[in-house]
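Student: As a plain string of letters, each chain reads:
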Amino acid sequence: MTNSLSEARFIEMAEAYGSVIARWPEAVRAEAMAMARLPGMRAVLVEAERLDARLDLWTVAAPSPALRDRVLTSRRTPLARRARLWWSSIGIATALAGAAAGSVAASAALPLDHSVSDDATAFGDLSQQDS
Amino acid sequence: MSMDDPDTGLVARIGQGDEGATRMLVGAKLPRILALARRMLGDATEAEDVAQEAFVRAWRQASRWRPGAERFDTWLHMVTLNLCRDRLRRRRETVMPALPDIADPAPPADAALDDVARGRAVQQAIAALPERQREAILLVHYQDLSNIAAADAMEVSVEALESLLSRGRRSLRATFVARDMADD
Numbered sequence: 013m014t015n016s017l018s019e020a021r022f023i024e025m026a027e028a029y030g031s032v033i034a035r036w037p038e039a040v041r042a043e044a045m046a047m048a049r050l051p052g053m054r055a056v057l058v059e060a061e062r063l064d065a066r067l068d069l070w071t072v073a074a075p076s077p078a079l080r081d082r083v084l085t086s087r088r089t090p091l092a093r094r095a096r097l098w099w100s101s102i103g104i105a106t107a108l109a110g111a112a113a114g115s116v117a118a119s120a121a122l123p124l125d126h127s128v129s130d131d132a133t134a135f136g137d138l139s140q141q142d143s
Numbered sequence: 293m294s295m296d297d298p299d300t301g302l303v304a305r306i307g308q309g310d311e312g313a314t315r316m317l318v319g320a321k322l323p324r325i326l327a328l329a330r331r332m333l334g335d336a337t338e339a340e341d342v343a344q345e346a347f348v349r350a351w352r353q354a355s356r357w358r359p360g361a362e363r364f365d366t367w368l369h370m371v372t373l374n375l376c377r378d379r380l381r382r383r384r385e386t387v388m389p390a391l392p393d394i395a396d397p398a399p400p401a402d403a404a405l406d407d408v409a410r411g412r413a414v415q416q417a418i419a420a421l422p423e424r425q426r427e428a429i430l431l432v433h434y435q436d437l438s439n440i441a442a443a444d445a446m447e448v449s450v451e452a453l454e455s456l457l458s459r460g461r462r463s464l465r466a467t468f469v470a471r472d473m474a475d476d
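Going line by line, the protein sequences match chains A and B. Residue numbers are given in the working numbering: position 3 of the first sequence equals residue 15, and the series is strictly consecutive. Residue numbers are given in the working numbering: position 164 of the second sequence equals residue 456, and the series is strictly consecutive.
Please keep in mind that the hints were generated in silico from the structure rather than gathered at the bench. Possibly wrong hints are sitting among the right ones.
[Said to hold, decoys possible] Calculated from the model, a selection of chain A residues having no Cβ within reach of chain B, i.e. all distances over 10 Å:
1) Ala20
2) Glu38
3) Ala55
4) Val58
5) Glu61
6) Leu69
7) Thr71
8) Leu79
9) Arg87
[Stated by the list, open to error] Label pairs and their computed distance ranges (CB to CB):
10) Ala420/B with Ile23/A: 23 to 31 Å
11) Thr386/B with Glu19/A: 45 to 53 Å
12) Glu19/A with Arg358/B: 14 to 22 Å
Owing to the predicted nature of the structure, the values given are computational and were not obtained by experimental measurement. Yeah, the Cβ is synthetic: ideal placement off N, Cα and C, and Gly gets one too.
One chain only, chain A, in its complex shape:
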């Protein structure tokens, strides 16, 4: 094994990444594990471990089932939102068309593809409108 990890570098690693060698850069881990058996380096890790243990006292709550559900629902929302946007744009278009055109005009405007692009507004899909 080449000895590329000096004791000074070992100390720097412990000061930066702490006592858990699995968190150290992959390239030096094997060598660090071997060096960790040296009494001087062992003391460095013990010192770093004291700080790690202190940091571990700060725990946070796990996600609630309600949040988990909201996140999962957000995956499905885009489709539902598209449908709502589509219907609301048709409704507004119908109102604007007035009694004369009424629902006939609206149904004629039905797109074959119900998807709405990112340019969709309450007044329809701007990217699809003729100028």
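Given chain A, work out where chain B should sit, using these hints.
Tutor: Coordinates of chain B only, in the frame set by chain A:
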């Protein structure tokens, strides 16, 4: 590298509308992403909002995700970090307290109160660090990101990350020593 990204297949399935894959990703990533947001913001409600927004962006990204230089997990951390930074910036602009001290729900039993108080002291010490040092410690110590992933998420070099970590840990050690001496 993408070849090593364990999430590539899962993300591809999500992009194809696979609900099972979606559940798996949420199960695996939500606790970590929420924890990062919670520790960045110090506010449970805001952290939930950020976590939810990060996943909305993940859903948008899933169908067009192309394995590249960074892992999906790193990308998700980067998104979360940026969302938190935006909130902290807005908070500073509206002169709100930097980190509201809101306890997590379900108060602990008496025996655990001491640990909770010491945990809160850790939270305060980390909150007092300069922003980049705080982020580095959150990503490496609490999120368990590798040095390369943490540096990518923060958009800094590995050397810069190491320097931030060293300075942050040194500062925390000094804070805790001073606190322990004051308590004795």
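Student: Now, for every hint given, state plainly whether the structure supports it.
Tutor: Quick rundown of the hints versus the structure:
1. Every CB of chain B lies more than 10 Å from the CB of Ala20/A, the least distance being 13 Å, so the non-interface label holds.
2. The claim that Glu38/A lies off the interface is violated: its Cβ sits roughly 7 Å from the closest Cβ of chain B, which falls inside the 10 Å cut-off.
3. Residue placement check: Ala55/A keeps its beta carbon more than 10 Å from all beta carbons of chain B (closest about 15 Å).
4. Taking the minimum C-beta to C-beta distance to chain B, about 13 Å, the non-interface status of Val58/A holds against the 10 Å cut.
5. Non-interface status of Glu61/A relative to chain B is upheld: no Cβ of that chain comes within 10 Å, the nearest being about 12 Å off.
6. The non-interface label for Leu69/A is inconsistent with chain B: the shortest C-beta to C-beta separation is roughly 4 Å, within 10 Å.
7. Not every CB of chain B is more than 10 Å from the CB of Thr71/A (nearest about 6 Å), against its label as outside the interface.
8. Not every CB of chain B lies more than 10 Å from the CB of Leu79/A, the least distance being 5 Å, so the non-interface label is violated.
9. Here Arg87/A does not stay apart from chain B, with its beta-carbon only about 5 Å from theirs, under the 10 Å limit.
10. At about 25 Å, the beta-carbon gap between Ala420/B and Ile23/A stays in the expected band of 23 to 31 Å.
11. A C-beta distance of roughly 50 Å is found between Thr386/B and Glu19/A, which places it inside the suggested range of 45 to 53 Å.
12. Checked against the hint of 14 to 22 Å, the pair Glu19/A and Arg358/B fails, with Cβ atoms roughly 44 Å apart.
The structure fails hints 2, 6, 7, 8, 9 and 12 (numbered hints given earlier, in ascending order).
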